[in-house]
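S.K.: The chain contents come next:
There are 2 protein chains.
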Amino acid sequence: MKIIINAKPLSKKLFAPYGDVIETNETNSFIINRGTTKRFHDLAEIDFAQNDGKPIINLFRSQPRKLPIVITMMERHLLGSQLFFPIGGLPYLVVVAEAKNLITPEDLNVFTATGIQGVNYHRGVWHHPLLVLQPNTDFLVIDRGSAQNDLEEVSFLSNKNHWVINF
Amino acid sequence: MKIIINAKPLSKKLFAPYGDVIETNETNSFIINRGTTKRFHDLAEIDFAQNDGKPIINLFRSQPRKLPIVITMMERHLLGSQLFFPIGGLPYLVVVAEAKNLITPEDLNVFTATGIQGVNYHRGVWHHPLLVLQPNTDFLVIDRGSAQNDLEEVSFLSNKNHWVINF
Chain A
1 MKIIINAKPL SKKLFAPYGD VIETNETNSF IINRGTTKRF HDLAEIDFAQ
51 NDGKPIINLF RSQPRKLPIV ITMMERHLLG SQLFFPIGGL PYLVVVAEAK
101 NLITPEDLNV FTATGIQGVN YHRGVWHHPL LVLQPNTDFL VIDRGSAQND
151 LEEVSFLSNK NHWVINF
Chain B
1 MKIIINAKPL SKKLFAPYGD VIETNETNSF IINRGTTKRF HDLAEIDFAQ
51 NDGKPIINLF RSQPRKLPIV ITMMERHLLG SQLFFPIGGL PYLVVVAEAK
101 NLITPEDLNV FTATGIQGVN YHRGVWHHPL LVLQPNTDFL VIDRGSAQND
151 LEEVSFLSNK NHWVINF
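Line by line, the protein sequences are chains A and B.
Per the numbering used here, the first sequence starts with residue 1, numbered consecutively.
Per the numbering used here, the second sequence starts with residue 1, numbered consecutively.
Rather than coming from a laboratory, the hints here were simulated on the basis of the structure.
Keep in mind that the hints are not guaranteed to be accurate.
Copies of the same chain look alike in the list, so a pair counts if it works inside one copy or between any two.
Said to hold, decoys possible - Computed cross-link-like contacts, DSS-like style, restricted to lysine-lysine with a CA-CA straight-line distance of at most 30 Å:
| no. | residue 1 | residue 2 |
| --- | --- | --- |
| 1 | LYS8 | LYS100 |
| 2 | LYS100 | LYS38 |
| 3 | LYS2 | LYS160 |
| 4 | LYS54 | LYS13 |
| 5 | LYS12 | LYS66 |
| 6 | LYS54 | LYS12 |
| 7 | LYS12 | LYS100 |
| 8 | LYS66 | LYS8 |
| 9 | LYS38 | LYS66 |
| 10 | LYS160 | LYS54 |
| 11 | LYS66 | LYS54 |
| 12 | LYS100 | LYS54 |
| 13 | LYS66 | LYS2 |
| 14 | LYS13 | LYS100 |
| 15 | LYS12 | LYS38 |
| 16 | LYS100 | LYS2 |
Given the structure is predicted, the values throughout are model-derived calculations rather than measurements.
Using the sequences and the hints given, assemble the complete structure.
M.R.: So this is what it looks like as structure tokens:
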């Protein structure tokens, strides 16, 4: 059976169980550089302290998948947070589930992010790999650097239903 | 007397004495997410370890200054690196001097950055506050969070010359 998951617009409030939305807003901002710059301050909980991790900076260039988008797996990182910010103004989809040990497709939540919203998945939060809507959608990515492998995956392929995103 | 400083196009090679240029290139990249994403890996030396600093994530929205741009001061942070990545594709100027104790305007180097190039000033490197060319030029900024003040400034106002950027 095909089950539709409807995407909602990304907002700080709805995304709070999963992590941070990085966007400009009037809260927690102040003027610096003698009036020329507005600083929106400290917008994400960066969490790499486990096992002496350190932040690394990367660029990701992502391509769209075939439609319809069927969710067959999710992943998470137990040792660190992971932040994605689009750098070309293009929108994308965000698929998440809360940081518990066992998840099923019923736990999924899907958001549409604008091209000027970033997300920071908190440590242990399940998320789908990048789902972009246009070719060569680029992101600045801040994640945890370590020789240690920090990827946990869950597959939904044995689920009798197909979980399809509507956006 | 008016002294012109000519800006050069930003490149990894020319910027090496000051920090990192964050941009896509064919070196140190690999394919992830089952073929859908190219990861340009570990592009900047993030350095917040002094005095138990931690990374904080911010957005800066900057406005152009009046032309001509006269450089009357520089600043630096002795406790941490500072990274700027433009998120709307707009170009900007980068003014730097090497991380020594005393600098004069003769030490300045000026670069034009495209809207898809970020810079990461290494700890102690002198830099001018943001110099953007169009209204509402936005950046993602990664710097060191701390209650401790970490700003050192030098003024060139007593210098008998005016140091003007040509770009």
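S.K.: State for each hint whether it applies.
M.R.: Hints, verified against the model:
no. : hint           : in the structure
1   : LYS8 x LYS100  : within (22 Å within a copy, 51 Å between copies)
2   : LYS100 x LYS38 : between (38 Å within a copy, 29 Å between copies)
3   : LYS2 x LYS160  : within (9 Å within a copy, 75 Å between copies)
4   : LYS54 x LYS13  : both (28 Å within a copy, 25 Å between copies)
5   : LYS12 x LYS66  : within (29 Å within a copy, 36 Å between copies)
6   : LYS54 x LYS12  : both (26 Å within a copy, 23 Å between copies)
7   : LYS12 x LYS100 : within (21 Å within a copy, 43 Å between copies)
8   : LYS66 x LYS8   : within (21 Å within a copy, 42 Å between copies)
9   : LYS38 x LYS66  : between (40 Å within a copy, 17 Å between copies)
10  : LYS160 x LYS54 : neither (40 Å within a copy, 45 Å between copies)
11  : LYS66 x LYS54  : neither (35 Å within a copy, 40 Å between copies)
12  : LYS100 x LYS54 : both (24 Å within a copy, 27 Å between copies)
13  : LYS66 x LYS2   : within (16 Å within a copy, 59 Å between copies)
14  : LYS13 x LYS100 : within (20 Å within a copy, 46 Å between copies)
15  : LYS12 x LYS38  : both (20 Å within a copy, 28 Å between copies)
16  : LYS100 x LYS2  : within (25 Å within a copy, 64 Å between copies)
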